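Student: Generate coordinates for the entire structure from the input sequences, incorporating the hints supplied.
Just so you know, the protein sequences line up as chains V and F, in that order. Here numbering that gives the first Met the number 0 is used: the first residue of the first sequence is 0, the next is one more, and so on. Here numbering that gives the first Met the number 0 is used: the first residue of the second sequence is 0, the next is one more, and so on.
Source of the hints: derived by calculation from the structure; they are not laboratory data. Owing to the predicted nature of the structure, the values given are computational and were not obtained by experimental measurement. Note that CB positions come from ideal geometry on N, CA and C, so glycine has one too. Careful: at least some of the hints might be erroneous.
Just a few of them, taken from the derived set where beta-carbon distance is under 10 Å, the chain V residues facing chain F [said to hold, decoys possible]: (1) 12; (2) 92; (3) 94; (4) 95; (5) 97; (6) 100; (7) 104; (8) 105; (9) 108; (10) 109; (11) 115; (12) 116; (13) 121; (14) 223; (15) 351; (16) 359.
When the alpha-carbon atoms are kept at most 25 Å apart in a straight line, the in silico PhoX-like pairs for lysine-lysine are as follows [as the list claims (entries may be wrong)]: (17) V:124 / V:156; (18) V:14 / F:255; (19) V:288 / V:14; (20) F:255 / V:1; (21) V:132 / V:107; (22) V:313 / V:331; (23) V:156 / V:288; (24) V:1 / V:14; (25) V:107 / F:144; (26) V:124 / V:107; (27) V:249 / V:1; (28) V:132 / F:144.
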Amino acid sequence: MKYVDEFRTPELIAKAGEEIRKLAGPNRHYRIMEVCGGHTHAIYRFGLKDLMPSNVELIHGPGCPVCVLPMGRIDDGLSLAADPSFIFAAFGDMMRVPGTHGSPLEYKARGMDVRIVYSPADALKLARNNPEKHVIFFAIGFETTAPSTALTLMRAKSEGLHNFSVFCNHVTIIPAIRAILDSPDMRLDGFVGPGHVSTVIGCRPYHWIAQDAGKPVVVSGFEPLDILQSIVMLLRQLRLGEARVENQYKRVVPWEGNRAALRAMAEVFELRPYFEWRGLGFISQSALKIRASYTEWDSEQRFPVPGVRVTDPKAAQCGEVLKGVLKPAQCKLFGRECTPEQPVGALMVSSEGSCAAYYNYEHRKPVTIANAATA
Amino acid sequence: MATPAPKIKFREPQIEMAHGAGGKASRRLVEGLFAPILFGASHGPLGDAAHVQINGTRIAMTTDSFVVSPLRFPGGSIGELAINGTVNDLAVSGARAEAIVVTYVLEAGLPTEILEAEVRAMARAAEKAGVLIAGGDTKVVEHGKADGMYISTTGIGRLLFGVEISPDSVRPGDKVLLSGPIGDHGITILLARGELDMQADLSSDTRSVFPLVQALVSSAGPGVRWMRDPTRGGVATSLNELARDSGRGVVLFEEKIPIRDSVRGACELLGLDPLHIANEGQFLAIVSAEHANSALQALHTAPGGEAAAMIGEIREQPSSMVSVTTLYGGTRLVDMLVGDPLPRIC
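Tutor: This is how it looks when you write it as structure tokens:
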């Protein structure tokens with residue numbers, strides 16, 4: 000398979016692993032955060048941790064859109080699904096995420112009209128095909144998915160399609176990284192930067208991380224070789240005492256980002272003054288809101304939404320895991336009350352959530368247990 | 000002495016789609032509710048078909064229902080699936096399908112043309128598989144109560160001589176054989192629903208696996224320890240059931256698992272694991288180490304078995320689990336499917 004197999008060649012992977020061991024040396028411990036959930040998933044899926052020396056520690060970051068969404072937003076969105084004249088449309092990732100009274104899939108099983116869509120344009124198609132119903136698209140995601148939501152809203156407006164609106168939960172990555180760097184309990188050496196987000200925003204927005212916080216950032220692809228190569232690039236910088244932004248994912252990420260996508264976002268969205276993130280709390284200017292010129296297509300403006308705030312179950316430590324302070328297995332609920340089948344927190348639901356990745360691919364591995372015993 | 004009342008472990012308040020998806024939730028429902036009430040407190044591992052004795056003769060018996068949407072898809076249709084599915088459940092329990100009875104649940108308004116096409120598809124599939132359709136029943140439900148039609152088939156089969164399959168007979172060192180490429184059926188259906196703007200040159204793998212099972216059994220005889228057709232929930236779920244029932248570890252070698260590029264591509268795009276995708280014309284077999292090579296050769300020379308592969312082996316550890324050795328020597332665990340496979344966004 001083109002663009003995939005060449006980044007999974009076993010010999011090159013072995014070589015990259017060797018390079019990492021050489022660069023890391025035995026005398027120092029490295030803590031590297033992979034910001035994006037897609038990276039977390041790939042690291043577990045391909046067993047990359049097994050190729051890494053024990054003093055290179057990978058910390059899972061907050062870049063999983065489903066995981067950072069607080070339960071209150073899900074409840075707000077689903078409160079609209081109860082109306083039989085509404086169709087609630089969302090990505091597959093959202094379907095098992097628990098709200099206070101169940102996940103979208105459970106709402107569907109109870110007879111509410113909940114649909115899985117693969118893009119916001121599919122939700123718009125639903126609205127065209129069901130003129131007697133109102134379609135709510137429950138939008139989630141970082142800058143990766145925000146442009147397609149923006150283009151869909153522009154399309155809805157130009158078509159004059161009034162039975163469609165967006166419940167907007169789009170968030171932005173930079174404030175989340177800032178919140179993590181501001182957190183006193185984090186000692187990070189560098190970042191594997193998000194690949195898909197960067198196709199939209201480019202590499203410039205990370206400069207402050209290198210310049211002000213003094214941490215190297217390498218924007219990375221998602222294949223095994225991409226991730227290992229990015230770690231090599233980070234270790235090289237650290238060895239030389241440098242902190243720069245580098246782009247490992249040049250085949251996809253332009254340094255300046257995607258201007259057309261950024262323009263579409265600017266046309267439709269503005270920054271919210273603040274937004275609540277699961278685990279990270281309220282972060283100012285960290286999320287997108289639909290502009291007044293699109294009020295008619297903004298579910299929150301158009302329909303009464305309770306605006307509830309729901310705290311996570313007390314024992315769940317999603318926040319600590321999201322920030323990288325705790326490893327998934329260190330949460331009190333992990334693998335007991337909270338499993339992919341009966342998730343308590345969203346990190347156990349999304350394939351990009353670190354808990355689900357850890358549970359599915361790793362946690363019962365005997366080798367891990369042995370490592371934990373010596374740690 | 001009174002038999003102790005069976006313990007009902009299933010405590011979920013309502014049935015969800017996941018209970019029918021063939022993964023963990025399905026297993027909880029079957030083991031926690033059906034088995035204790037219907038089979039009593041003690042029952043053996045639940046296989047693809049039951050073995051019952053009639054006048055001293057052991058026969059295999061199984062039933063299956065088909066609710067696929069769309070009714071027709073590249074490479075097959077619901078009628079063909081309904082025959083092959085039951086033939087295959089019998090085949091992997093070590094039996095040749097002899098007779099099948101059919102139940103049709105039809106929705107008012109279903110065009111006769113569509114029904115006729117499916118009945119013909121069943122007749123053709125039955126003839127091809129060498130099984131008699133011995134009887135049937137028809138029910139019609141109101142418009143909107145079924146997706147056009149549901150079909151249920153029940154079959155009986157004659158047990159092949161010299162094969163005794165059970166998870167208990169699986170030993171460390173045994174090999175895992177797979178009859179051909181995985182994921183074709185599930186991905187074909189996903190694409191045929193037309194919800195994804197994706198196309199691939201792919202068709203369902205629906206077929207009778209009996210000729211391949213027969214080739215395997217003739218070659219390996221008592222060396223065949225266990226078989227299963229990995230339908231809903233895919234190879235991962237079938238092998239996890241084996242791991243749990245046998246207490247052994249199943250280790251797969253990623254590079255040995257046959258997967259077509261179009262299936263891999265679709266899975267990569269949608270964030271699905273091919274090991275969780277349904278198949279309708281493949282089977283897994285655990286064969287003793289001494290018989291494994293000749294068994295694989297027997298599959299290779301049988302028509303339709305050219306792509307068969309030895310994809311892994313049984314080990315003591317990690318017990319009751321399925322793990323995959325990746326191309327790079329790393330390992331990961333493979334769990335049963337949880338719920339339905341849902342595509343991811345980014």
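Student: Now, for every hint given, state plainly whether the structure supports it.
Tutor: Hint-by-hint comparison with the structure:
no.	hint	result
1	12	holds (4 Å)
2	92	holds (5 Å)
3	94	holds (6 Å)
4	95	holds (6 Å)
5	97	violated (13 Å)
6	100	violated (12 Å)
7	104	holds (7 Å)
8	105	holds (7 Å)
9	108	holds (5 Å)
10	109	holds (8 Å)
11	115	holds (7 Å)
12	116	holds (8 Å)
13	121	holds (7 Å)
14	223	holds (7 Å)
15	351	holds (7 Å)
16	359	holds (5 Å)
17	V:124 / V:156	holds (14 Å)
18	V:14 / F:255	holds (22 Å)
19	V:288 / V:14	violated (46 Å)
20	F:255 / V:1	holds (19 Å)
21	V:132 / V:107	holds (16 Å)
22	V:313 / V:331	holds (10 Å)
23	V:156 / V:288	holds (16 Å)
24	V:1 / V:14	holds (21 Å)
25	V:107 / F:144	holds (16 Å)
26	V:124 / V:107	holds (20 Å)
27	V:249 / V:1	holds (16 Å)
28	V:132 / F:144	holds (21 Å)
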